[in-house]
Amino acid sequence: MKGRVGTPWVAAIALLGSGATASYVVQRLIDAGSEPPIGTVLAQAHIPYYWRMAVALLHGLVLAALSLGLPEAWRGRLLHAAPIWVPALCLLTLLTMLAVP
Amino acid sequence: MSPQLFALLERLHGHTAVLGLAVLLHPVIALARGRVLGKGGRWSAALAAFLIALPSVAGWLLYPHYREQIKPVLVAENLSVALAFESKEHLAFACLCLTLSGVAVALAAPQHGPRVALPLLASAWICGVVTGGLGVFVASLS
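Heads up: the sequence lines are chains A and B, in that order. Read the first sequence against my numbering and you will find it ends at 114, with the numbers running on by one and no gaps. Read the second sequence against my numbering and you will find it ends at 131, with the numbers running on by one and no gaps.
Chain B extracted, bound-state conformation:
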């Protein structure tokens, strides 16, 4: 992977993830008020799923390069950052799984939105925020 492509994917990865978390907040708040998602809420949920899946795919493409080129240096020079990166990867997968299943429930079975989709999406959002925080920490120190 060229350095330019790596830099592009890395920025896409971070920025779309933050955008996805911001969009995900809309269906979470709507469902927390006990409402079934309206047209706007359903669009937000679908967009959030896309914006969270996209950085996950970008992250999977970046991971081999990170593992070969960056991780050894990071482990040798700043172990706490390398460990934070590993936690970030684990929580990102949890965020993706919970988001996709929550959005699928919210879109396909709106009557189960407040009871089933809400805990899935709210949990995904919390995992995503911690993931984002770890990502900012890693990016600022590495």
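So here's chain A without its partners, still in its complex pose:
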């Protein structure tokens, strides 16, 4: 069955979602290393959770845009290996976000 979009866009969509997820995790880990203990700050001018999601989305979009410039062979390899790197990302996300709330 032929789809409506080609391989470049499939890779871009896959990287948008997984890139945003990875960015969120990395941002959270960076924040966890520098923020004060939970409960010591009751009110902040901004909500870090919203900022983190917005920046993660931005990173996902940038990654997706960059992937459109990749050589076709690289994109093919990336998509071929999706059953390996996507579950690995999921496992890492689960473990880190449960360990670093």
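Check the hints yourself; a few may be wrong.
[To be verified] Chain B is nowhere near these chain A residues, computed Cβ spacing over 12 Å in every case: (1) 23; (2) 46; (3) 78; (4) 84; (5) 97; (6) 113.
[Claimed, not checked] Cβ-to-Cβ under 10 Å is the rule here; a few derived chain B residues that face chain A: (7) -1; (8) 49; (9) 53.
What the hints contain is simulated information worked out from the structure, not anything from laboratory work. Yeah, the Cβ is synthetic: ideal placement off N, Cα and C, and Gly gets one too.
Got chain A sorted already, so can you dock chain B onto it with the hints?
Structure of chain B alone, referenced to chain A:
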């Protein structure tokens, strides 16, 4: 936000998320059998994306109220529940991102369904189930 609206959004948030995870299982199972999604599978995938996006939006609307009114009390009285809530928020975002990209691949490029959409949707489902479990834990103790 009024207490009534908060209660309504909170229930909508939890119930639609569970429904979304149940619906998401249909395209995951279909793709795991190596099939390209049929008409029913494509509808299930689209519906799952909607039912998972809806509680995410509800959660984002609830979050400021939770942060101001509930979180300080929760941190003071039951820290483990407050930490579980934070983990739930992180994993919910992962679930949303992976679901939307997986559904987009499954709908726009069905030939890539079993190889690309399946790992995205299966990973989203696993993150969603853990999120749901944490949500039930938080709701039962807070």
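Hint numbers not upheld by this structure, sorted from lowest to highest:
1, 5, 6, 7
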